[in-house]
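Colleague: Listed below, chain by chain, are the residues.
2 protein chains.
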Amino acid sequence: MSHPLFERHKALLDQALAAIAGRGYWSAFPESPSPRVYGEGAAEAGKAAFDALLNKPFPLTLPGAAGSVGGEVSPYGMQLGVTYPKVDIDALFAAVEKAEAAWRKAGPEAWVGVSLEILTRINKRSFEIAHAVMHTTGQAFVMSFQAGCPHAQDRALEAIAYAWDQLSRIPSKAFWEKPQGKNEPLKMEKHYRVVPRGVALVIGCNTFPTWNGYPGMFASLATGNAVVVKVAHDAGDDTAQKLALRPEVRIIDFTGSTANGEWLEKNARQAQVYTEKAGVNQIVVDSVEDMKSVARNVAFSLALYTGQMCTAPQNIYVPRGGIEAAEGHLSFDQVAQAIAEGVQKLVGDPARAVEILGAVVNDGVAQRIDAARALGPIVLDSQTIAHPQYPKARVRTPLIVKLDAKDDSKYLKEWFGPIAFVIATDSTAHSLDIARSAVVKHGALTLSVYSTDPKIIESAIAVAEDSGVALSINLTGGVFVNQSAAFSDFHGTGAIPLRTRH
Amino acid sequence: MSHPLFERHKALLDQALAAIAGRGYWSAFPESPSPRVYGEGAAEAGKAAFDALLNKPFPLTLPGAAGSVGGEVSPYGMQLGVTYPKVDIDALFAAVEKAEAAWRKAGPEAWVGVSLEILTRINKRSFEIAHAVMHTTGQAFVMSFQAGCPHAQDRALEAIAYAWDQLSRIPSKAFWEKPQGKNEPLKMEKHYRVVPRGVALVIGCNTFPTWNGYPGMFASLATGNAVVVKVAHDAGDDTAQKLALRPEVRIIDFTGSTANGEWLEKNARQAQVYTEKAGVNQIVVDSVEDMKSVARNVAFSLALYTGQMCTAPQNIYVPRGGIEAAEGHLSFDQVAQAIAEGVQKLVGDPARAVEILGAVVNDGVAQRIDAARALGPIVLDSQTIAHPQYPKARVRTPLIVKLDAKDDSKYLKEWFGPIAFVIATDSTAHSLDIARSAVVKHGALTLSVYSTDPKIIESAIAVAEDSGVALSINLTGGVFVNQSAAFSDFHGTGAIPLRTRH
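Residue numbers (this note's numbering), protein chains in the order written: chain A, 18 to 519; chain B, 18 to 519.
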């Protein structure tokens, strides 16, 4: 007898399964915040629901709650005034133990059915969640809505579909009958049960709380595990470490700094630890058809959400002797200048710029921009922009600095934020060598190449395969290297030893 | 264009895929060493091929070979006189690097096709390999043939089928077309390539070199990795550690001691480490229909290959107040005695006994039997049996010692070999509590329960699920707890944190 929630969402699940098999474009949750899609008044109701959360305790009942924590300030400048319950970890895990007993036994159809039901209910609250994402991450509203809601929900559905795809391969029962020549066959009735691992801990990041948090969370739920999302705590205390070392915790999904990720990998040995840590994303420019369209595409990737994306490019390698373009030879400085102009055009109009840039998530980003200014000659300086709607918002445009290949101590680490380096190399072969080594040693989520030469493209593919990074080739249109499409792209690979350890 | 070896073995692969989906009985490689199956003269030719290997260097060309190692003595008493090349590890890995480049790029159909071709060629040499297994492990010939050849080959095929099942889910190409309202859709052509992890190191065990070694080896080959099987080396040197810490090694499949397994887990951080370490397998006796058939079944599991199996039971829990049987109440001592009698019947006739017991793999087993004798009252002493064909063979029968539940420092560790404890507990509930805790703390591959009470069966199922061990219920016929059937049983689970870490 199938679980009713499984039946309710079976058609959605089947579509998702077909999508992950075909990997063409598909989306379950519409990305348009239009009233024609989400209904008249949905936007206003969502905004009102978000506003109603401000300046009071967040309505969340947690076992073992004692006291509260708060003090969040929106990257757009306003005090949120929300407080969250502070929990006693022992009491929390005692409650988890009680709750998980029945959940663990409920079985694959219940796990998947309930997960899908949660997801469709979350989708209905997309506007409310979009405002929450906006005012905690600093993303512009449309991005908060799209990346934080339908795209994140698509990624959750993708995780559930992968889970079901594996769960459904284990029959619940089998009859085993082994012939014995002239004698009676040996007969066995066998039962198989998928046993969840244990408690899954999700430690998200402050830039993409839902987009980065949902996949691990729903993968664990859909396979029958209880999930603990890292609870609110005072800055700098050891709540995350305490949670991670609980013996009940058997899965950890982490997004954040390399130092914290490596600490988990080394110390949380009782758990299967998945980490997404820092990395160095790179663009290799070899030759182009049209420099302007390349610059436009790269500029958008540098500016989108102020470069505060794990997929945003940082290092742009250009041969010091320049490159060939359809318009003729371009010197290294001409290439750097073209990219700078692309950025300037994109962020020249403040009203339009803030819808791309959003706001800076924390002071660390602004400090990093200041520090990066001293690294080399500035091709394009970072500007502070006044936000038309939010005067106290921290809005910054990208900084582009010129470096030489030998400055590897400067560019071979992550400068999280709107910081890009145009780096002079001996040749494209040199660029690719640096890129390969950077991925292996420092991790990366994206590599991008621009070339009109099929041999260079082949070399770039070999580098991507060797080092284990996703490669984009000649992106000049409306698709950007820092976007990752659910059901189609693989966001991150398990191939980079220092980055992702399973 | 499909790879010709993939096409050649496609039907076999399809059968294996159907078998792992249905999990009923299936075998690709016949377990009967009959001439009707393997051909007239196959047995004789295999024996001759094995004999031709003796007393000379093993015909194996290895890069970086310098000098040789040898000195193996068969558990049946004879000097094998075989020497193996000793390799320089740097030279070996330099050769691997060259060889793996083309292999990594060959793609899923080539990886799987070549793996299946290797396997079918191995099958044709089963008799030769059976003799090699016999004279390195001490298994009796029929077991060496069955477990070491067709069953091991089935397990290899199972691993290849799992690999293909996952590989085939990734399309090589997709067209991604995202609608843009009234505008032209965004279009992308996407290519996906499965990138192997790197070099896979297989560290097998001296009791089941092929049965335990093939699954990891073929799983790695079928996914495009190069495989290094731990090379021959002088006893006690650090070859295994040196191999395990090579940065090229990205997968390790290990079977062996807990100390060595934990060393790998802790130190070989660059690799995905799969370990099968020591454990404590257990039988819970609650109530029986027919004590004789229970005793016969348990006795066979204790005696088979002198208990030198990772699945062989060690601890047999019986309530100190005795149990109910169809024949009436049986005291604790009557139960212990019945099992002892079962063993005695099985090994009473030396000619028949040696075909079940085989020989003791090394002196450690014999020393362990001597040490275990001192642990408590002996229910059945271990005997030395003269082997009719091999006068110098080390043949030992099972030892059964009586213990009390409070003697946990004695029985809560692995006593590898033909050593069993009948342990008096307060009740079956107490037995199950001990069993649960033993699995979680010390690892286990098998748990077996005998009960006529459906509630006790339910409790045993709950213990097995909680602790993550495979459970056998009321085995009294020709199926034994220490046997694991390819395509149907799951040998080992990932659920025991201290035992298996992924």
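Hints are computed from structural coordinates only; laboratory data are not their basis. Computed from a prediction, not measured in an experiment: that's the story for all the values here. For every residue, glycine included, the Cβ atom is placed at its ideal position computed from N, Cα and C. It is possible that some hints are incorrect.
Covered stretches of chain A, as calculated for chain B (at least 3 residues, CB under 8 Å) [to be verified]:
(1) 38 to 50
(2) 308 to 314
(3) 397 to 407
(4) 500 to 511
Capping the alpha-carbon separation at 25 Å, the derived lysine to any residue pairs in SDA-like fashion look like this [claimed, not checked]:
(5) A:Lys247 - A:Ala191
(6) A:Lys195 - B:Pro367
(7) A:Lys199 - B:Val159
(8) A:Lys190 - B:Lys309
(9) B:Lys458 - A:His447
Colleague: With a cut-off of 8 Å between beta carbons, are at least three residues of the region 308 to 314 of chain A near chain B?
Modeller: violated (count 0)
Colleague: Verify this for me: three or more residues of the region 38 to 50 of chain A with a beta carbon less than 8 Å from a beta carbon of chain B.
Modeller: Since three or more residues must qualify, the claim that chain B covers the region 38 to 50 of chain A holds, with 5 doing so at under 8 Å.
Colleague: Would you mind confirming whether the straight-line C-alpha gap from Lys199 (chain A) to Val159 (chain B) stays at or under 25 Å?
Modeller: Holds, because 19 Å separates the two Cα atoms, which is no more than 25 Å.
Colleague: Do three or more residues of the region 500 to 511 of chain A come closer than 8 Å to chain B, measuring C-beta to C-beta?
Modeller: Held - the region 500 to 511 of chain A has 6 residues with a Cβ nearer than 8 Å to chain B, which meets the minimum of three.
Colleague: Between the alpha carbons of Lys458 (chain B) and His447 (chain A), is the straight-line distance 25 Å or under?
Modeller: 53 Å, violated
Colleague: Take the C-alpha atoms of Lys190 (chain A) and Lys309 (chain B), compute the straight-line distance between them, and say whether it is at most 25 Å.
Modeller: 29 Å, violated
Colleague: Compare the distance between the alpha carbons of Lys195 (chain A) and Pro367 (chain B) with 25 Å, and conclude whether the hinted pair is satisfied.
Modeller: Outside the cut-off at roughly 29 Å; violated.
Colleague: Per the coverage rule (Cβ-Cβ under 8 Å, at least three residues), is the region 397 to 407 of chain A covered by chain B?
Modeller: n = 0 at 8 Å, threshold three: violated.
Colleague: Given the hinted pair Lys247 (chain A) and Ala191 (chain A), is their Cα-Cα distance within 25 Å?
Modeller: 40 Å, violated
Going through the hint list in order, the structure does not satisfy hints 2, 3, 5, 6, 8 and 9.
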